[in-house]
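Model the placement of chain X on the given structure of chain P, informed by the hints.
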Amino acid sequence: MSRRYVLISPCRNEADFMRKTLDTVIAQSVPPAKWVIVDDGSTDDTPRILREYCRQHDWIEVVTRENRGRRAVGPGVIDAFYAGLDTVTLDGFEYLCKLDIDLELPPTYFERVMEEMEADPALANFSGKVYLREDDGRLIPERMGDENAIGAAKFYRTTCFKTIGGFVRQVSWDGIDGHMCRMKGWVARSEDSPELRIIHLRQMGSSQQSIWVGRLRWGFGKYFMGSALYYVTAVAFYRMFEKPYIVGGCGILCGYLKAMFTGAPRFENGEFRRFLRRFELHSLLLGKGRAVDRYHQQIRRSRQRTTGAGSDPSPGSSPQGGEPQAQEGPHRRIFSRKKKILGVSSGGGHWVELIRLAPAFEGHDVALVTVDEAYRGEAGSARFYTIRDVTRWNKWRWVQTCVKLAWILARERPDVVVSTGALPGYFCLRIAKWFGARTVWLDSIANAEELSMSGQKIGKHADLWLTQWPHLARQNGPIYRGSVL
Amino acid sequence: MIFVTVGAQMPFDRLVTTVDRWAGARGRADVFAQIGETDYRPSHIRWARFLDPAEFMRRFEAAGAIVAHAGTGSIITALQLGKPILVMPRRASMRETRNDHQVATAERFARFDSVAVAWDEKELAARLEEIDSLDGRQAVGPHASHVLVGAIRGFIDGADASSL
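Protein chains in written order, with numbering that gives the first Met the number 0: chain P, 0 to 484; chain X, 0 to 163.
Treat the hints with caution; some may be incorrect.
[Stated by the list, open to error] Reference listing, derived: stretches of chain P covered by chain X, where coverage requires no fewer than 3 residues with Cβ under 8 Å from a Cβ of chain X:
# : region
1 : 343–357
2 : 438–448
[Stated by the list, open to error] Partial chain X-side listing against chain P, Cβ under 7 Å, derived:
# : residue
3 : Ala-103
4 : Arg-107
5 : Asp-119
6 : Ile-155
Honestly, the hints are just simulated from the structure, not real lab data.
Computed from a predicted structure; not experimentally measured.
A virtual CB, placed ideally from N, CA and C, is assigned to each residue, including glycine.
Here chain P stands alone, though its shape is the one from the complex (with noise of 0.2 Å):
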């Protein structure tokens, strides 16, 4: 696999620090093929000190835009990166990589970023994390999530690039092109290592007025993102208890607001903002890392599929066939990982079946529901839980069932829950889903001339949709897979 990248730096006015930007990336391990650097307009020293690294080295390039005046961080930045990206033809280079100018960088960070992403083939947006450097020398990291790379660094898999379309000319671009990335089936993340440690040179968000106005614009930016009211409100709240407090959080919700009722501009992509909403209810229903978590193993998992193990380049790392073992990178964990399960069923016929599947679930965290005390004894290890019983007839027992189920999602938090019928099961499987659950529906054995009325219903979303009777399968329906016996 080629280990050709281009950087794309935009930068203004970064006399100061920019030498060691230039120096650390010059000693890189493996260096760039090529590094083209657009001066936005700088009135500094800034143009003098690009001629001088670029009579030393040929792979390094200017572009210069004229002086706008005013930088702006989201959109200003963006346009100066495509200045830069307008002169390079992305065909010859396996990655790319937006970079700031004001960085210090371990010397062989493009290289353990390149060795991450060759070991994981979905992952294709990554990233160090951030350091501020005190006067004492002692470093304090940035505050990130590691659902994204930094904006900062942003190394991306050329390949990737170009199927996100790439980044959105307005202040968030950089929170929404990890939810793009996920969308259209990539892995976007970032890590905390000691060899992807990047120093910054100069303190976030300080060059521009207050603490305020960033926390203005980050309302703002989820505004246009899409992100949902309910969502940011939360997000605000959790952040009133962090510094700065009360004031951080409510910088966030008001420059929400503020967007909101003056009608400021979002971003407009329908399929987007559906993935994003279904993302933050996951974030807040499962905490964000569980959620990204999940995320990425669908992702992984949907990549196998499609690519098959075949094809994957290592000796001895298919995952199927045979016992799957633990192996280098985050990306085969998925394979011999202990997963939570949540069986449910309601009684009689429905729970003798549910104990019939014990030996699937075996080596699995699992945990039991149904709708009598009295099977706790069957259970065995698996922890125990009971919920109401419903049917078609008695619906004003349904919200109270409902809520028990969400609960005992929210407790659980299974990664599949197994379902045997009948109407509890239903709707366990249908809650599941908003937390991000995959499910599994076994029509009842009972059902033997067509399926049971929950068991039509819960059709596309149950993930794997059993019947247990051969002449029932249909082709987009039910599948066939042995029984209950």
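Chain X alone, transformed into the frame defined by chain P:
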């Protein structure tokens, strides 16, 4: 010992009365019935409305034969324990259940030698005469088929439905 069960959801008096009369006529004192939420009180057999699962299993295991509605829980438990079972399906037309799925269940399970089916009370009474000679040796194991277990395991491990 004969254990009669109609399941936990609805009563099934048609079955219980037939067994009760038969036991009275034949002087059988070794019949115990779980009869559900009903006003009917059997006069010749011992009975309980509901049994907790432990008691249910104890009675089930102690019995030489089972008489039951055609519920899969009862039938599968009988197959699992190697007990002969005589079933009569509930009928939707008699408001014994919501639909006729038990008729289908009975038809499908009739292929097991140890499952006998009576389609109505008359046949049930006739079949009760032969109940002691029913063969219950054809037991099934305690777990679902390898194919089904394998499919669900595969799904849990990350495969998707189309590749199972």
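A quick look at each hint next to the structure:
Given as covered by chain X, the region 343–357 of chain P passes the check, having 10 residues with a CB less than 8 Å from a CB of that chain where 3 are the minimum. Counting residues of the region 438–448 of chain P whose CB lies closer than 8 Å to any CB of chain X gives 8, so the stated coverage by that chain holds, three being the minimum. Hint status for X/Ala-103 relative to chain P: holds, with the closest Cβ pair at about 4 Å, below 7 Å. The interface hint given for X/Arg-107 holds, since its Cβ lies 5 Å from the closest Cβ of chain P, which is under the 7 Å cut-off.
The interface hint given for X/Asp-119 is violated, since its Cβ lies 19 Å from the closest Cβ of chain P, which is over the 7 Å cut-off. The beta carbon of X/Ile-155 is positioned within 7 Å of a beta carbon in chain P (closest approach about 5 Å), and the interface hint is therefore held.
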